[in-house]
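Engineer: Residues per chain are reported as follows:
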Amino acid sequence: MNGSKVSMGRRGGRGERAMVPDASFSSYYGRPVIKEPSWQEPDIAGYLYLGGLAGASSAIALGAQLTRRPALERASKIGALAAIGAGMVGLLHDLGRPARFVNMLRVFKPTSPMNMGSWLLSAYGPAAGVSALTAATGRFRRIGGVATAGAAALGPLVASYTAALICDTAVPSWHEGFREMPFVFVGSAATAAGGLGMVAAPTHEAGPARRAALLGGALEVGAARLMERRMGDLIGKPYREGGSGQKMRIGEALTAVGAVCGATLGRRSRVAAVVSGAALLTSSALTRVAIFEAGVASAREPAHTVVPQRERLGARQ
Amino acid sequence: MATNQPPRMGFFTDTSVCIGCKACEVACKEWNQVPEDGLNFTGMSYDNTQGLSADSWRHVAFIEQTKLSMHPGSTHPESTEGTRPDELRWLMSSDVCKHCTHAACLDVCPTGALFRTEFGTVVVQDDVCNGCGYCIPACPYGVIDIRPDDGRAWKCTMCYDRLQVGMEPACAKACPTDSIQFGDLDELRERADTRLATLHDAGVSDARLYGHDPADGVGGDGAFFLLLDEPEVYGLPPDPVVTTRDLPAMWRCVCAAAATLAVGIAAVFGGRHR
Amino acid sequence: MAECHPVGFQWVMEAKARGATLIHVDPRFTRTSALADIHVPLRAGSDIAFLGAIVNYVLTEEKYFKEYVTAYTNAPVILREEFRDTEDLDGVFSGLDSENRSYDFHSWQYEGVEVQASAGQRDLEYEDRTKATEGRHESGRGESTGSGGSRLGGGEPERDETLQHPRCVFQVLRRHFSRYTPEMVEQVCGVPRDLFTKVCEAITRNSNRDHTTAFVYAVGWTQHTVGVQYIRTAAILQLLLGNIGRPGGGIMALRGHASIQGSTDIPTLFNILPGYIPMPHAHTAEDLDAFIQGESADKGYWGELRSYFVSLLKSYWGAAATPESDFCFDYLPRLTGSHSTYETVRAQQDGHCKGYFLLGENPAVGSANNKEQRLGMANLDWLVVRDFSLIESATWWKDGPEIETGELRTEEINTEVFFFPAAAHTEKNGSFTNTQRMLQWHHAAVEPSGDARSELWFMYHLGRIIKAKLAGSTDEIDRPLLDLTWDYPVEGSIDEPSAEAVLAEINGWDGDGQPLSSYEQLHGDGSTACGCWIYCGVYSEGVNQASRRKPALEQNWVANEWGWAWPANRRLLYNRASADPDGKPWSDRKAYVWWDDEQAMWTGHDTPDFAATKSPWHRPPPGARAAEALSGVDPFVMQDDGKAWLYVPVGLTDGPLPTHYEPQESPFTNPLYSQQRNPVRQVMPPRKHNFYHPSAGTNGNDVFPYVATTYRLTEHHTAGGMTRFLPYLSELQPEMFCEVSPELAAERGLEHNGWATIVTARSAIEARVLVTDRMTPLVVQGRTLQQVGLPYHWGRNGYSVGDSANELAHLSLDPNVHIQEVKAFTVDIRPGRRPQGPALVRLVRDYRERAGITDETGTEI
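Residue numbers (my numbering), protein chains in the order written: chain S, 1 to 317; chain D, 318 to 591; chain V, 592 to 1452.
Hints were generated in silico from the structure; no laboratory data involved.
Treat the numbers as computed from the prediction; the structure is a model and nothing was measured.
Careful, some of the hints might be misleading.
[Claimed, not checked] A few chain V residues that don't get close to chain D, going by computed Cβ distances all over 10 Å:
(1) A608
(2) K657
(3) L981
(4) T1026
(5) P1211
(6) T1305
(7) T1363
(8) L1434
[Stated by the list, open to error] Residues on chain D that point at chain S, a partial pick, calculated with CB under 7 Å:
(9) M361
(10) C449
(11) D462
(12) L578
[Said to hold, decoys possible] Under the rule of at most 35 Å between Cα atoms (straight-line distance), these lysine-lysine pairs were calculated in the DSBU-like manner:
(13) V/K1181 x V/K789
(14) V/K1175 x V/K789
(15) V/K607 x D/K490
(16) V/K657 x V/K607
(17) V/K789 x V/K945
(18) V/K607 x V/K789
(19) D/K490 x V/K722
(20) D/K490 x V/K1181
(21) V/K607 x V/K1141
C-beta: ideal position from N, C-alpha, C; glycine also.
Whole structure, please, built from the sequences with the hints as guidance.
Structural biologist: Dropping the structure here:
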C-alpha cells in the first residue's frame, strides 16, 4: 500500500476500504486507532461464558433447593462451582503475571469492573464452593444453606457484571452496546444454566430449567438483536458478518432450537432434554465467543473509531 | 493536598516544526531502557516503528500527501493540474501517551498499578501490574500495551524519574527543533494558542490544536498537539471519550439485568409444580 | 540538512520562525523539503546549469551588488588576450592538452601579473615562481611552460573600474553564462522555468544592503566530476550578490562527520599539511627556499607561508629542525602525482602499497566501487582496522560479496588483518572541529573498557614502539622518524597521552616555551613552533580555549566565548566585507564589524578578520609584501590580490569558470556545448571492475536509462559502522531500500514494499522498494527522466544488514580533489531480488554485453 493519503481540505480523504459505500474517512495507513484486547479468547470468552453459567446456576440452585428438586439442586450447585472454578483458572492463566493475582484486591475501585468483579468473585467463589461441597457430601446443611443463598444473591451479578467489563472499554462494538449487553449476558447465562439443568436433572425436576432456558433464550436473542440494530450499520456489522457474525447467528439458532425443543420435546424425552441442554450449553458459549470476536474485529477496524466520532463532531459544529 | 504540589506538567507537540528525525524515539528508549521491538521495513513512508506500544513510547508518524502547499509565507501559486513539484506535503508528528485528565487506563486498572502522579501524569507501577490487560482496550488512543515475554503493561511515564529531579523528559530534551515542548500545562496551552494564531495569520488554515480542550471527552490531554490535518490522518481518534463517562449507566444496566435474572429465575420456580 | 544535520537544522527552523524563506534544491523531496517553503526537484548532476543560470539572471537583471563587486572582487581585473572561454571553444578553455587531458593555465592568468592561488593546486605555479625548467605537474599530466614576460607577484593587475572592458572578468563572466537561461534550465535540469524564476526572484529580493542570503550545501554538490566547480558557481553568485563575509550570508559547507573539518585542518589528506599548507611535490633540487618561493603568494597572508611552514617543521622535528638542516624539509615526503584514496586502492591491487590503516573508515561500504576496495585489501600484506565493531572492511575476507560469488577465496587471501577496538568519544579527551571551524573540547567521562583505545593512544604508542625499535640506527632513512618530537605526557591506567598536550603543541609556543596567541606571532627563522597555524591561539595563555562554555545568554549574539574558532576566533570569515570601502557597515541591520575612527581600529560584534589597526584608506607602499601588501579595501586577506575571485586565474585544474558538463554517466547529451563532460575529469585506467557506461548518444547508453543518486538518512551514519550495529537505530531504518516514483514503479513493474535489483556495469544490488511521490519524474530535453534514490548506509554486517549502494558506483573523480562522482550515475532497475553467488557476476556480465561495454567505453575526453 502506498503510504500517501489523499486529503482534500477539511472534508477528509478517501479511506482504503470504506465499510459502508458512502462513508469516507481517513486513517493512518489503514491501521487500527485503538488497540485490540490482549486477552486470550479461550481464557476470557471462556470466563464470560463460565461466569454466566455459574451465576445463573447458583440462582437455580437456590430455587431447586427451596422447591425440593434434589437432582437439579445438586447439578446446579456442583455445576456452578465447576464453572466458576474453571473460569477463574482461565482468568489466572490470562494474567501476564499470574503470581500477582492477589494485587486485584489491593484497592476497592468502582471505576474498574474488573476490580469490582474480583471482589465479587472473592465472595461468590467461596459461597459457591461451600454450597457445592455441602451438597456433594450431604454435610453441614445449614452452612450450606447460607452459602447457597449467598451464592444465589451474588450469582446474578456475577452473570451480569462481565458485560460492564467488556463494555467499559474503547472498543466500539462493545462500548456502544452497554445498555443491552448485560441483558444479553444474563439471558445467555440463564440459557446455559437451564441447559445444564436439562442435561443433568430428570425431566420431572427440570421444568424450571426448561423455562429458564426459554426465557433466557428469548431475552438473550431479543437483547442482542436490539443492541445490534441500535449500533447501526457500521458498529453492528461484526455481529452480522464475518467470523463473529457467523458465530452469532449460529448461536442464535442453536439457542432457539435448544430452548424450544427443550421446552417441548424435552418435557417427556430425556434424550431430547439432554440434546437440547447440550445445544444450549454450546450456544451460550458460542454467543460469548462471537461477542468477544466482534470486539476484537471492531478494535481492528479504524472506521469503527473514526467514522462515528467524526459524525459526532460534525453534528456538534 | 500537599502545599508544595507542583503544577500539572505536560507536553505540547508542535508538529509544524517536526523534522522527523526520531531523536525522541531513541532518547526515550535509551533513558527508559525500552527494548528494541522489531526490525520491520513497513513501506509506511519513513515510519518503521508503526505505532505506540509497550516497546515504543514515542512514535513519529509520516504522512506523504499530494496537496496544496500550506507553509507560512509560501509564495506558491495555486497548484494547477500536472504541476507536481508544488503539490507535495509530508506531515511528521511525534505521538506519545496523552496522559489524559480522565484516563480510561487508570480508571479500569483493577490493581491500582496505574496512578496519577503529583505532576498530573499517568504512570504504571511495574512492581504492581499483574498484566490483566484491561487498560489496553480501554485506552481511546491505543497507547498502552503488554510487553511480550514480560507480561506487564508499559507506556510513557513522562520520564517521572526525571521530573522528580527537575529535569525535562528525555524526548523533549533531545528534540532539536523544540517540536516537543515540556512544561506547565497551562503555560503550554497559552503558548499553543499563540502559535496557532501565528500559523493562521500566515495562511496555514489547516493548523489546529488537538487534545488541548478541557471540555473534550477526556477532559483535555496532558500531552496535546498542534496538527496540520485531521487527527485521523495521523491515526488519532477525532473525538475521543473516556469510557468511564458511561460507566454509571453501565452499572445501572448491570444491576437491572442482575435483578431481571433473579426475578426471572424466581419466576420459573413459581407455579404449580412442586 | 534536516536529514543529515538535524541538530544544526534547528537554527534553520529558528530562521524560518523569524521570517526567512527556505528553498530546497534536491532531486528528492526529503525531510528538509518538508519544512521548506520552496522545493525544487532537479536532475542530479545539473546544478552548475542551475546556479549558472541564476548568475546569468543576476547579471542580466542587474541585481548584483555593484559597489561590493567592484571593490571586493576581481570583477574589474582584465585578463590576457590569449584567454579563450568555453563560448569560444565550444565547451573548453584555452590551453587544453587533449592527449594528456590537462590544461595549461597560463592563458587564464591576469593581464600583466601572475598571481598565486590560495587553495587548490598551488604547485602549478612552482615552475614559474622558481624559474625552474624541469618539474612535473599535478596528477602526472603534461608540463606547463613558463610564460615569458609575466611579472611574477607584486604590483596590481590591470583593472577597469567601470566593468566595461571586454576582457575584464565581469564581462567575461557575463558572456560565459549568457546562454544559461531559464529555458536552458528547463532543458538541462528539468526545472520548470517559472519555478526557476521564482527562486531567482526570492534570492535577489533578499540580497542587498539590508538583507543577505545564505547557501548551504553538502556532498550533493561535491561528489561530482565537476564538484569543485559547483562550489565555485555558488561562490560567484554569492559574491555578485554581496553575501560573502556578511552576517546571514555566506556559503556553508555541511561536513558529514563530527570532526571531519578538523581532519582537513590537521589533515588526513595526502596533499595538504596542517593549516592547508601544500604538501611539497617532487621537484629537482627543491629546498625549503624554493618551496616557499614556488608555493607562496606575494600578497596576503599566504605571503607568510614561510613562518607557518617553518613553525610546523619545528613542531614536528624540534631540535633537529635548524636552519642548517633546512628545518628538516627533506624529511617530508614528496608528491609525484595524485595519491588519493582511489589511486592508493589501485596501488594496492598492483602490489605497490603493502599496508593499510583504516581508522573509523569502512571503504568496503563507504567508498565508491566497493569491489575495487576489497580487491585492493585482498592484495595487501597487512591491514589494520580500528573501529567499534567488526565492520565490513574487517571481515570481507571471510564473508564479503566476493566470497559469496567465488571471485575470491578466503584460503587464497594472504592479507594479515588486525582488528583493534576503538574508544568512543565519551571515553577520550579531545576536540571536535565542526563545520563552522569551531573547536569544542570534549572530556572523557569514563575510561574505555577492555582493549578499546583512542586513536591518540594507538598512534602515540605505535610511534613510540617504532622509534624504540629503530633507536641507534645509522640509516638515513630512519632519521625522519627518530628525530620526531614524541614526548607527550601519558596519564591514567592505560597510559593515555594527554590530548591537551597535543593541543598545546598545535597551538605552538615561542622560543621561551610560552604559548602563542596568534599566527601573527609566527616566524620563519625557527624561533617559533606551531602544529597548525590556523589553530594558533586555541591554547593562548595556556588556557584551553576550545573548552570554554560561556552560555549564549551571557554574551552577544556572536557568542565567541563558546569554544574557539579558527582563525583567531573569528566566527565569520572575511568579515571586513560586511563594511563598505569606507569601513561603515553596508546597513545598520547587517552591521557586523566596522572601522572606529576615533580608536583607529576595527571593532564590532565579532573579531575582525583584518589587521586590527589598518584603516580603510590604507594603501600599501610599493614593495610591500604578504600581509603588508594588503590595502584597507582588501577583505579577502588570504588571496594574492586581496580580492574574492569570481574568476580563478590559477589553482584549478579544470577551468577558471564553472561550466555545465554532463556527469561521467548520463542519459543526455550536453545541450550547451559539444564538449559532453569535464575534459580533464579524472578517469581511472581501465580495470574490469570499473567499466563505465556508454556515453550519451552512443549505442548501449539506454541499457542504463535511469539516473541514480546516493544519500544519507537521518537514522544512520555514512557506512553504518556507528549505527547498523545498534538496535535502537537499526529498528528505525531496518533495511536497504530504494526510492522510486509511482511512474517508474509502473514502468518497471516494481512493487511497493517488495524487492528490486539495481544494476550497473560494476555490480548489482537488491533493495526494498519504497514507491513515493517524493521522487518526481522530470522532463529533460523533451524526455521524461526517472531517478532512483539509494541510501548508502548498508553492508552485510551488524544488526541491520543489506546490500551497499557503492557496489554500483564507478571511479571517476573530480580532478582537483579526487572526489568520486556518486551523486549522479546511471543504472537499470528491475523487480525482484538479485541473483546469489556466481549468478550475480553473470547478471552483470550480461548487462555489459548488452550495452557493448569495453575497456574504452566512457573514457573519451
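Engineer: Would you mind marking each hint as holding or not holding in the structure?
Structural biologist: Do the hints match the structure? See the list:
no.	hint	result
1	A608	violated (8 Å)
2	K657	holds (26 Å)
3	L981	holds (19 Å)
4	T1026	holds (16 Å)
5	P1211	holds (47 Å)
6	T1305	violated (5 Å)
7	T1363	violated (6 Å)
8	L1434	holds (24 Å)
9	M361	holds (5 Å)
10	C449	holds (6 Å)
11	D462	holds (6 Å)
12	L578	holds (4 Å)
13	V/K1181 x V/K789	holds (25 Å)
14	V/K1175 x V/K789	holds (32 Å)
15	V/K607 x D/K490	holds (21 Å)
16	V/K657 x V/K607	holds (28 Å)
17	V/K789 x V/K945	violated (55 Å)
18	V/K607 x V/K789	holds (18 Å)
19	D/K490 x V/K722	violated (62 Å)
20	D/K490 x V/K1181	holds (33 Å)
21	V/K607 x V/K1141	holds (26 Å)
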